[in-house]
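Numbering-wise, the sequence shown is residues 1 to 240 according to UniProt numbering.
Simulated from the structure, these hints should not be mistaken for laboratory data. The structure displayed is predicted, hence computed values, not measured ones. Treat the hints with care, since some could be wrong.
[To be verified] Okay, the calculated beta carbon distance ranges per label pair: (1) K125 with R67: 18 to 28 Å; (2) Q222 with K126: 19 to 29 Å; (3) R67 with A237: 37 to 47 Å; (4) A237 with N47: 28 to 38 Å; (5) D210 with D2: 13 to 23 Å.
Cβ coordinates follow ideal geometry from the N, Cα and C atoms, glycine included.
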Amino acid sequence: MDLKDKVAIVTGASSGIGTAIAHNLDEAGMKLVLTGRSQQKLSELANQLKNATIVPSEITEPALPQRLLDTALSEFGSLDVIINNAGVMHMMSIEEADIEALCNMIRVNYEAVVRMCYTVLPYFKKQKSGFIINMSSISGLKTTPMIGVYDGTKHAVEAFTDSLRMELAGSGVGIATIEPGAVATNLYDSWRESGKQGYDEIVSQPLQADDVARCVRFILEQPASVIVPRLFVVPAASPV
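Could you put the whole structure together from the sequences, leaning on the hints where they help?
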């Protein structure tokens with residue numbers, strides 16, 4: 001896809017990987033609709049970009065996907081790409097956990113992805129083009145103690161995306177996942193602050209957010225005759 005003047009929605013854009021994705025796609029000439037929880041951070045980000053508009057919101061707000069689609073169409077006249085990037089992670093044993101925090105993690109990491117795809121796919125299928133990238137994780141390919149619910153949400157994203165890719169074959173609409181290893185973002189803050197075993201071994205030499213943003217652009221810039229269904233990226237020093 002030639003990204004110049006194409007329109008993308010990026011969720012979780014107010015920090016970390018989402019912010020890096022926004023900068024990378026802006027450099028490619030894309031027009032962006034950015035959403036995240038922090039209006040201030042989104043405004044600051046949009047001011048750094050050439051052509052971006054913001055929709056501050058909790059990603060779990062059921063009406064948000066339609067608002068994002070409507071904003072893309074009203075501001076830019078079209079929509080070409082969805083980056084489902086928003087996510088949270090709580091690191092604790094199941095008996096230590098707050099059940100509401102765990103259920104919210106399911107809503108953020110999985111339900112929000114389903115709602116976004118449900119809303120935009122009719123538009124993409126009608127125009128016979130479009131691409132969705134669902135941000136998964138190495139946790140969607142393996143399991144790790146103390147983050148069982150997080151692992152479960154990412155396995156769900158993998159299965160959902162694989163199924164949709166089969167449904168969409170031949171439609172002109174593409175879908176893919178990216179599975180990063182540990183990334184230097186605030187996603188791991190609760191793990192570090194808890195002092196739980198394993199943090200240093202896993203997160204001591206992390207990827208940078210820009211590494212993941214380049215993966216997004218690589219997938220999107222493939223010709224229409226090619227699809228990269230998943231991209232697994234880890235630090236060079238990672239023993240996987």
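The hints, checked one at a time:
1. K125 with R67: 18 to 28 Å: Holds - the Cβ-Cβ distance for K125 and R67, about 20 Å, lies within 18 to 28 Å.
2. Q222 with K126: 19 to 29 Å: 23 Å, holds
3. R67 with A237: 37 to 47 Å: At roughly 42 Å between Cβ atoms, A237 and R67 fall inside 37 to 47 Å, so the hint holds.
4. A237 with N47: 28 to 38 Å: Distance hint for A237, N47 holds at roughly 36 Å.
5. D210 with D2: 13 to 23 Å: Hint holds: Cβ distance 22 Å, inside 13 to 23 Å.
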